[in-house]
Amino acid sequence: MISSMQTSRWNAILVPVLAVILGLLVGAVLMLLMGYDPIAGYSSVFQGIFGNSYFIGETLRAVTPLIFAGLAVAFAFRTGLFNIGVEGQFIVGQLAAAWVGASWDLPPGLHAAVAVLVAMVAAGVYAGIAGWLKARLGVHEVITTIMLNYVALFGSNYVIRTMLKGATERSKDILPSASLQSEWLTNLFEGARINWGLLLALIFVLISYWLLMKTTTGYELRAVGFNPHASEYAGMNVPKNIFLAMLVSGMFAGIGGATDVLGVNGNMAISAGFTGIGFDGIAVALIGNNNPFGVIFGALLFGGLSFGADNMQRVEGIPTESIQIVISMVIYFVAASSLIKWLLGKFRRRQGV
Amino acid sequence: MPAVVEMLGITKRFNGFTANDNINLVVEKGEIHALLGENGAGKSTLMNTLFGLYQPEEGEIRIRGERVKITDPNMANRLGIGMVHQHFMLVEPFTVTENIILGMEPRKGAKIDIEKAERHVQELSDRYGLRVDPRAKIEDISVGMQQRVEILKTLYRGAEILIFDEPTAVLTPQEIGELMEIMKNLVSEGKTIIFITHKLKEIMAVCDRCTIIRKGKYIDAVSISKTNVDELASKMVGRHVTFEVDKTPAHPKEPVLQIKDLVVEGNRGASALRGLNLEVKAGEILGIAGIEGNGQTELIEAITGLRKVKSGSVLLNGKPLENRKPREIVESGVGHIPEDRHKHGLVLDYSIGENMVLQTYYKSPFAKRGVLRYNAIYEYARKLIQQFDVRTPSEFTPARALSGGNQQKGIIAREVDRNPDLLIAAQPTRGLDVGAIEFIHKKLIEQRDAGKAVLLLSLELDEVLNVSDRIAVIYEGEIVGIVDPAETDHDQLGLMMAGGGKGGK
Numbered sequence: 001m002i003s004s005m006q007t008s009r010w011n012a013i014l015v016p017v018l019a020v021i022l023g024l025l026v027g028a029v030l031m032l033l034m035g036y037d038p039i040a041g042y043s044s045v046f047q048g049i050f051g052n053s054y055f056i057g058e059t060l061r062a063v064t065p066l067i068f069a070g071l072a073v074a075f076a077f078r079t080g081l082f083n084i085g086v087e088g089q090f091i092v093g094q095l096a097a098a099w100v101g102a103s104w105d106l107p108p109g110l111h112a113a114v115a116v117l118v119a120m121v122a123a124g125v126y127a128g129i130a131g132w133l134k135a136r137l138g139v140h141e142v143i144t145t146i147m148l149n150y151v152a153l154f155g156s157n158y159v160i161r162t163m164l165k166g167a168t169e170r171s172k173d174i175l176p177s178a179s180l181q182s183e184w185l186t187n188l189f190e191g192a193r194i195n196w197g198l199l200l201a202l203i204f205v206l207i208s209y210w211l212l213m214k215t216t217t218g219y220e221l222r223a224v225g226f227n228p229h230a231s232e233y234a235g236m237n238v239p240k241n242i243f244l245a246m247l248v249s250g251m252f253a254g255i256g257g258a259t260d261v262l263g264v265n266g267n268m269a270i271s272a273g274f275t276g277i278g279f280d281g282i283a284v285a286l287i288g289n290n291n292p293f294g295v296i297f298g299a300l301l302f303g304g305l306s307f308g309a310d311n312m313q314r315v316e317g318i319p320t321e322s323i324q325i326v327i328s329m330v331i332y333f334v335a336a337s338s339l340i341k342w343l344l345g346k347f348r349r350r351q352g353v
Numbered sequence: 001m002p003a004v005v006e007m008l009g010i011t012k013r014f015n016g017f018t019a020n021d022n023i024n025l026v027v028e029k030g031e032i033h034a035l036l037g038e039n040g041a042g043k044s045t046l047m048n049t050l051f052g053l054y055q056p057e058e059g060e061i062r063i064r065g066e067r068v069k070i071t072d073p074n075m076a077n078r079l080g081i082g083m084v085h086q087h088f089m090l091v092e093p094f095t096v097t098e099n100i101i102l103g104m105e106p107r108k109g110a111k112i113d114i115e116k117a118e119r120h121v122q123e124l125s126d127r128y129g130l131r132v133d134p135r136a137k138i139e140d141i142s143v144g145m146q147q148r149v150e151i152l153k154t155l156y157r158g159a160e161i162l163i164f165d166e167p168t169a170v171l172t173p174q175e176i177g178e179l180m181e182i183m184k185n186l187v188s189e190g191k192t193i194i195f196i197t198h199k200l201k202e203i204m205a206v207c208d209r210c211t212i213i214r215k216g217k218y219i220d221a222v223s224i225s226k227t228n229v230d231e232l233a234s235k236m237v238g239r240h241v242t243f244e245v246d247k248t249p250a251h252p253k254e255p256v257l258q259i260k261d262l263v264v265e266g267n268r269g270a271s272a273l274r275g276l277n278l279e280v281k282a283g284e285i286l287g288i289a290g291i292e293g294n295g296q297t298e299l300i301e302a303i304t305g306l307r308k309v310k311s312g313s314v315l316l317n318g319k320p321l322e323n324r325k326p327r328e329i330v331e332s333g334v335g336h337i338p339e340d341r342h343k344h345g346l347v348l349d350y351s352i353g354e355n356m357v358l359q360t361y362y363k364s365p366f367a368k369r370g371v372l373r374y375n376a377i378y379e380y381a382r383k384l385i386q387q388f389d390v391r392t393p394s395e396f397t398p399a400r401a402l403s404g405g406n407q408q409k410g411i412i413a414r415e416v417d418r419n420p421d422l423l424i425a426a427q428p429t430r431g432l433d434v435g436a437i438e439f440i441h442k443k444l445i446e447q448r449d450a451g452k453a454v455l456l457l458s459l460e461l462d463e464v465l466n467v468s469d470r471i472a473v474i475y476e477g478e479i480v481g482i483v484d485p486a487e488t489d490h491d492q493l494g495l496m497m498a499g500g501g502k503g504g505k
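Sequence lines, in order, name chains A and B. One point on numbering: in the numbering used here, the residue at position 296 of the first sequence is 296, and numbering is uninterrupted. One point on numbering: in the numbering used here, the residue at position 453 of the second sequence is 453, and numbering is uninterrupted.
These are calculated hints, taken from the structure and not from any lab test. Even for Gly, the Cβ is constructed at its ideal location relative to N, Cα and C. Heads up, some of the hints might be wrong.
To give an idea of the chain A side of the interface with chain B (calculated C-beta under 8 Å), a few residues [unchecked claim]:
hint	residue
1	47
2	215
3	226
4	233
So that you can see chain B by itself, here it is in the shape it has in the complex (with noise of 0.2 Å):
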């Protein structure tokens, strides 16, 4: 029997740029298949490729063996091939058949048969095992359940093989663990999978094989069974990369942030943090784990004045910084990775040099008597974009324009140079590939050993255990345990995270 899908010698270029370079994959029929580089190798460009956005100049695609040409999307679904986006297509008023069936409404004379749709969608649900309301609406559903509803999607225009575009993105560990199994039933029901990922922990947990591409060209295919994490890791990047954080013990001195009893309410008025208590000491990194949506963000807002304190307090360094105006608490001197880097961190508008100053524009030498000082702005984004390493073809280029990775490179670039005494990451490696992580983590550790504290947030686990030399774990708006890493696993600390278990000291 024929591979299910077989891309041959497939070469695409945008303007000179040669985004794949005779790029070969094959996919077996029920297997999962991962497609492994890092951002920018050409993966997207690929997969759009299957999928009939692009044409490519080369190469030829057969699909159960059959050689075809695939002119644009529709032609892609008919031969079976569906496609679940990492930014979900869907209509949040809407509800999930309506979204569904959008653009192939089954019809009772001229009015839409929901009832019909909703039948069919809860089947479909039911045989994948992917538990899905039909008349939910989006807006009120989780991001994981969106996602499956993207999957659905695809299965009820009859897709065979499933595009998974990085799935696991926007995903919590506890959805990503639901994904995983979602995927094993999908293969198990004769359906194809390629799940396109920077993650290899995901791919050694759920792929039969993995086709490696870097910097456009073709690299190597391999089963899962005979490699490993080190293995796939070295092709994708291209030399050999470290996954255990290098670091020496820490030498924790004073405290730098001490919070009490801090109260702060939530969007929705209840109180988001009940009393939270917190010391992050100078030379140490403290890393807090939790899951999504107890309290992090109220955290990481009530320290840099973005939120009302309503009763506790917050010292830096003994003073209080509780209700102050976001830039008295940024020169007194608090760094910040924020969370959403293209909603707080960027002005994605702005060149890549300007963001440089984004808290330091009024200051000398940037700014003379309220008159910017471009050349001095931009000598300095020069300085910094060379220490930092952050790929961009010039200092004026739009921070728009440069990938996910690199922009973080600059707001780290920005934040750790101006030396605050604390630096607060929040999710800082979310969505990079393995490089630009270890790039990351390194220079959190830099800041450590100069003696600065540094609060983590992450909701990958894994980051918080290799990184942090204490973790805080909050519950609900309390730290509800402090515990050495090196002396907790996974499971203790999913344990505490759900409100279970016993903290340590």
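Bound conformation, chain A alone (with noise of 0.2 Å):
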């Protein structure tokens, strides 16, 4: 028994490391069949990611808010919520972020900190929206979530066009005071526009590790999640929870909306169509298994490839779409894991493991 409770932690990290072994040769099969050469197409991935650090600096920019939308959907996820909607609460945050570093006149650093702070609550509160409407009226999380995605980006839109509007089809710049950029970071990295939100990240998968697995709202949230009948029972208000879920969701992805406004672009731009980063984040808290930690795994896999894949159609002039193919055939193999754990266990049978 005990040997099997190792068994299972090993098939966690396993797990997705074999799915993504599967993916790429999947990929690498497309490529011969389209006559590229599969080993020339990763190893210019490879690249593109790792090739100098700007690339690396890039890379990680590109992964920062990746790691913030995969916490949000991991962290619904755990307390038994799908939230579809981290990109309209990505894009809240973006938008609060902006408004608040063009228009809020603070010292620097605090403007920053205000403007991240901010952020969070309101998309926490978009969020919200959602996780009330489930508590109270029961109606499905999906749907509401869906439905407010297209809610926030042309509320956003018209926000933007008639109160924050700059240059072109964007917002007012932040000013300097509100920017997350930093100079010794991006002269570290040749120029890249990695910014202080990946360390924000990065603290923000402690935090959500920590207020899930070690605290007794973390204790609640998940047997609520799991349970909601026993919960009931045992004396917790599963409606307080189900809300709090969304909230806490939500602040995530807000905060990684304003590190995308305040880090990268310092302006907001009217967009016809979503950033896809919310629907990606499903993606990155699949593979990491729905871990906080996993999630980061998740992030680096998912932004390091897209961005890597840049490179691989500049060189060897293979479409980026099979890179596409490759990151959703990993997204397969992970989704169908049981199939994986099938094989591994005829693999350990017959090594008499």
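Two independent chains are provided; combine them into the complex using the hints.
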């Protein structure tokens, strides 16, 4: 029994790793079929991620919002909720940060902190709407959060156009005092837009894990997620916990949006479509097994492959879509993890382990 | 004539664990043969081997004298073996007939010949006295009738040998009686039945012979006419077991729970409790007898704060409880062993250790300023696991991985150790084997002797009669009588439970 516990812990790590390898293999076969050299392809992806410090810095820049989006999805999932609205909450976070960053006047550093905080609260409350609807009226969160994504997208476009308009189709630039950019980091990575947002992301990975696993609040949230009936019998307030879970999940998404505005672009664009980051968060959380630390792994993989794919197209002329397929296959193999576990079981039995 | 089923020297291992160790089972044609063993003794493994779900490592199976290798359930079906599963495998929105023909639909051209199927189902139902309406939808019929549909399913497929996997676990006492009749009808029509159970009275009532296994090993095969409950029990458990619950007379003191004119609505809006009055005193076990659905569930939910009280009062030690939050009620001294331990008693994905603090996780010493102290939690869990003999590999094992009896012991440990003034036990021994039942009854009586009030709800009349100091009979949301267990019997209780007869004082 003890050994079976160790096996399951091993599987938690082994399954995603094997899924990645299988995904890469499928991608390689695909490149061969299309007449490309997969070894050259993958090495150009590798180059595109690790080739020089600019690439490394830009990869980490791309990974940062994915960590937040993954944390948001994973946190909700661990509490029994499927938050598809991370996209919308991310946008609300962007808008709030852009507004505070451009319109408030505060000392450097403090200004950035306040902007992040406001974005966090705004996105949390926004997600809380879906949580409240579920807790009080039993409306399924998948429906409400999808709808709220559109409200966030078009609502924020309207707000930028009417109240925050800067040059061209963008919001006013944020004041330098609200910036999360760091000259030191940028120089270290040869001009890449890596910023303090990454550090924030890592801090919030720890906070998320601590909140979920080490506090009484997390104990309640997880219990309600696993079994609301038993939780109610044990005296927990189920509606309160559902609301709280969505609130916290949205907060993670909101900080992600804030770091994007304050750390990378300096403003928010009027956009016809979604950023996609919130939806990618679902895949990131899935690859990371809904574990906060796993989310780092998922975001690195997802962000790294997507970013490195550009280099592959530049250097080898292999379309970036082939990497999208690799990512999809990885997600597929993670989702079909029972298949991998079954294969592992067969392998272990043959080894007589 | 050779025996219809012979399983000889069957051995089945899983990853080094031997679930069946050289087991023999010989079943003659036309008999009801009991397969008796505690939870986890290897009964299900043996039957799954016969049904083709597992392949044995050693041993041989003969059907009607012919040596066979049963590779899958379809092959078992062809050999005339049918299984009535404990957990029904029925499609709820489908009709009885649609469920029965699923997978082998009779056709007329490209269409399913549903009328022919219905006629066939009706015929089978009549022949064996199953009383099933072929056109009824599964979701509309009772659990007992759903089980009869499962029986029909095997008969429709031409089963001659029927395996019943703990069929009575989900049934009311009335339905159990009906099932026994059906089993007798089936064998009188030439069928053979293997009856998996750990309920000794049922074996005595209906079986011809009984094979006993214990911890994966074959113990004995006996003729029911030449044995008795005590012998079967000690063979099953491996030691002497007492059925007479060992207890001294109660010394009831002041009332702990007082319920006056309680009115509560049921799920469909109608009143489930209609002015119920009840009193439970310190130092006594009050048993509630009744047929399922007469307001027992609503009564518990009203006391524990899970259901709104429309009118009337619930007092605990003189203080009102009605319409308070579940947590306030828990903290004011109510312990609850819920009827459905998976749904209401445990968070199955939590470790057994985490489950031990399900109501107290936020209190010292388990938490300090909102941060859990897992050392204290698991230390406490270890203590309870040891005290209450919860068999688990460790306190970190998920509750889901424990057997039903050990899950229940975990819940009882948690509830009893909080030392509540009132302990509510709803069907505390449902689905458990005699060893676990004995243990749980002992714990309830210990609580009573420690001067606590115990409210016991059970659908098993024997349990109510043996454990309670007083019995209240509930019928259609009211207590229709209170009787002394020493002065009553099954017949009188049964009559009162059905709404007839007058109560005692």
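- Any hints from earlier that this structure breaks? Give me their numbers in increasing order, please. Those not satisfied come down to hint 1.
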